[in-house]
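*Asks:* Spelled out, the chains give:
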Amino acid sequence: MADLMNNDVFLAFCTYATIVVLKMMFMAPLTGYYRMTRKAFSNWEDTAIRQKDPEKRKKMLQTHPDVERVRRCHQNDLENIVPFVVIGLLYALTGPDLSTALLHFRVFVGSRFIHTVSYVLALPQPSRGLSWVVGMITTFSMAYRVLTTALLL
Amino acid sequence: MADLMNNDVFLAFCTYATIVVLKMMFMAPLTGYYRMTRKAFSNWEDTAIRQKDPEKRKKMLQTHPDVERVRRCHQNDLENIVPFVVIGLLYALTGPDLSTALLHFRVFVGSRFIHTVSYVLALPQPSRGLSWVVGMITTFSMAYRVLTTALLL
Amino acid sequence: MADLMNNDVFLAFCTYATIVVLKMMFMAPLTGYYRMTRKAFSNWEDTAIRQKDPEKRKKMLQTHPDVERVRRCHQNDLENIVPFVVIGLLYALTGPDLSTALLHFRVFVGSRFIHTVSYVLALPQPSRGLSWVVGMITTFSMAYRVLTTALLL
Numbered sequence: 001m002a003d004l005m006n007n008d009v010f011l012a013f014c015t016y017a018t019i020v021v022l023k024m025m026f027m028a029p030l031t032g033y034y035r036m037t038r039k040a041f042s043n044w045e046d047t048a049i050r051q052k053d054p055e056k057r058k059k060m061l062q063t064h065p066d067v068e069r070v071r072r073c074h075q076n077d078l079e080n081i082v083p084f085v086v087i088g089l090l091y092a093l094t095g096p097d098l099s100t101a102l103l104h105f106r107v108f109v110g111s112r113f114i115h116t117v118s119y120v121l122a123l124p125q126p127s128r129g130l131s132w133v134v135g136m137i138t139t140f141s142m143a144y145r146v147l148t149t150a151l152l153l
Numbered sequence: 001m002a003d004l005m006n007n008d009v010f011l012a013f014c015t016y017a018t019i020v021v022l023k024m025m026f027m028a029p030l031t032g033y034y035r036m037t038r039k040a041f042s043n044w045e046d047t048a049i050r051q052k053d054p055e056k057r058k059k060m061l062q063t064h065p066d067v068e069r070v071r072r073c074h075q076n077d078l079e080n081i082v083p084f085v086v087i088g089l090l091y092a093l094t095g096p097d098l099s100t101a102l103l104h105f106r107v108f109v110g111s112r113f114i115h116t117v118s119y120v121l122a123l124p125q126p127s128r129g130l131s132w133v134v135g136m137i138t139t140f141s142m143a144y145r146v147l148t149t150a151l152l153l
Numbered sequence: 001m002a003d004l005m006n007n008d009v010f011l012a013f014c015t016y017a018t019i020v021v022l023k024m025m026f027m028a029p030l031t032g033y034y035r036m037t038r039k040a041f042s043n044w045e046d047t048a049i050r051q052k053d054p055e056k057r058k059k060m061l062q063t064h065p066d067v068e069r070v071r072r073c074h075q076n077d078l079e080n081i082v083p084f085v086v087i088g089l090l091y092a093l094t095g096p097d098l099s100t101a102l103l104h105f106r107v108f109v110g111s112r113f114i115h116t117v118s119y120v121l122a123l124p125q126p127s128r129g130l131s132w133v134v135g136m137i138t139t140f141s142m143a144y145r146v147l148t149t150a151l152l153l
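Residue numbers (my numbering), protein chains in the order written: chain P, 1 to 153; chain Z, 1 to 153; chain E, 1 to 153.
Check the hints yourself; a few may be wrong.
The list that follows gives simulated cross-link-like pairs (lysine-lysine, DSSO-like), each with its CA atoms no further than 30 Å apart [stated by the list, open to error]:
1) K23/E x K52/E
2) K23/P x K23/E
3) K58/Z x K23/P
4) K59/P x K52/E
5) K52/Z x K58/P
6) K23/Z x K23/E
7) K23/E x K39/P
8) K39/P x K56/P
Derived by calculation from the structure, the hints in this document are not laboratory data.
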């Protein structure tokens, strides 16, 4: 175990995986913020927080474009960051050069931050599309190394 | 490898991670149960299971509040349990005290069971909100240790 | 670390986990393909890619059954492949026989490919249901071994 924690590539993976997972978790309070300010909730029990009038509470059971946008961004994080974490962990164990590994981790994490900003602020395409593609390519590149180093079918 | 399996913190992680992931997987048959009893399906081919009449089958292609509630609970599990598993694994490798690690794992897993019960039974707030916050704080606390022990940017 | 990469069960896990995660990632471009060909988008900025007329762009902000089907398939992958990866990793570390481990990995990965084909082509039930159940049972079987070998509550 000490082995893993003395390995620089593994330490770098720990750092970047934790940062990008924390970024993903941040989408939850952001959704909460939009739900509060846009008064758009999914659960009847949530509408009681600041409002007691049943009629007004019923109106708060609605969808709002801003809330849906943040939720789609959160979902896209799940669909992309989870594969990065899984393949990145196995990649770190194949013993790549530290500089190559750092390049992969930094490009991926950077691309996901740009993706979130592009999505939440609804920047014109291809900003969001490009940042998504860059993240995908980085993960594919690590998957390629895993499959060429550790293939046992 | 024997190393990892001789380490008590890692064994505890294996146990709690497996339990909480099994809990998350249980949401799928629960959704199926609600779909069956509420006759609310998403796919045309699923409506044929107990019904042959095309008119009645069309009516079963609907959403139902109970089904949507379980699905939101499942989604919330994905958004919270996946970060716990990733950060918890790295945390276990940083060599924390067994008692501190057990505290983190037990509080998180307990909070998610309370979260599921609060969500599915639609208990009044802040039961669900509090259990969600407790799980988030536990994961942040582990992430803090990972970043302070294993930082390599 | 060299330890892990000299272990055949772990190498097999790396291979099958990477393959099935790549399969999951493939759902994203497939969704994009259906969005383009069915002209069904969620974001206003995405409708500008091939169309400048605001009236026509508004009509493209719609849902389409084919797009929703692929998205449900992607979601089902997240709900099933993520548990497999987590429990499979811990299972690989418990030191099972190579042949038993390979059986688990192959059956799971095969079941998910069949699941995707059944879902996207809307094959009649129980093709999709059965492939889903087989994947669940495989993951449960690995979880059983993890909990009986590595239990520390």
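*Asks:* Evaluate each hint against the coordinates.
*Replies:* Results for each hint:
1. K23/E x K52/E: Measuring from Cα to Cα gives roughly 34 Å; hence the hint is violated.
2. K23/P x K23/E: holds, 25 Å
3. K58/Z x K23/P: violated, 42 Å
4. K59/P x K52/E: violated, 35 Å
5. K52/Z x K58/P: violated, 37 Å
6. K23/Z x K23/E: holds, 25 Å
7. K23/E x K39/P: Distance of about 38 Å is beyond 30 Å: violated.
8. K39/P x K56/P: holds, 10 Å
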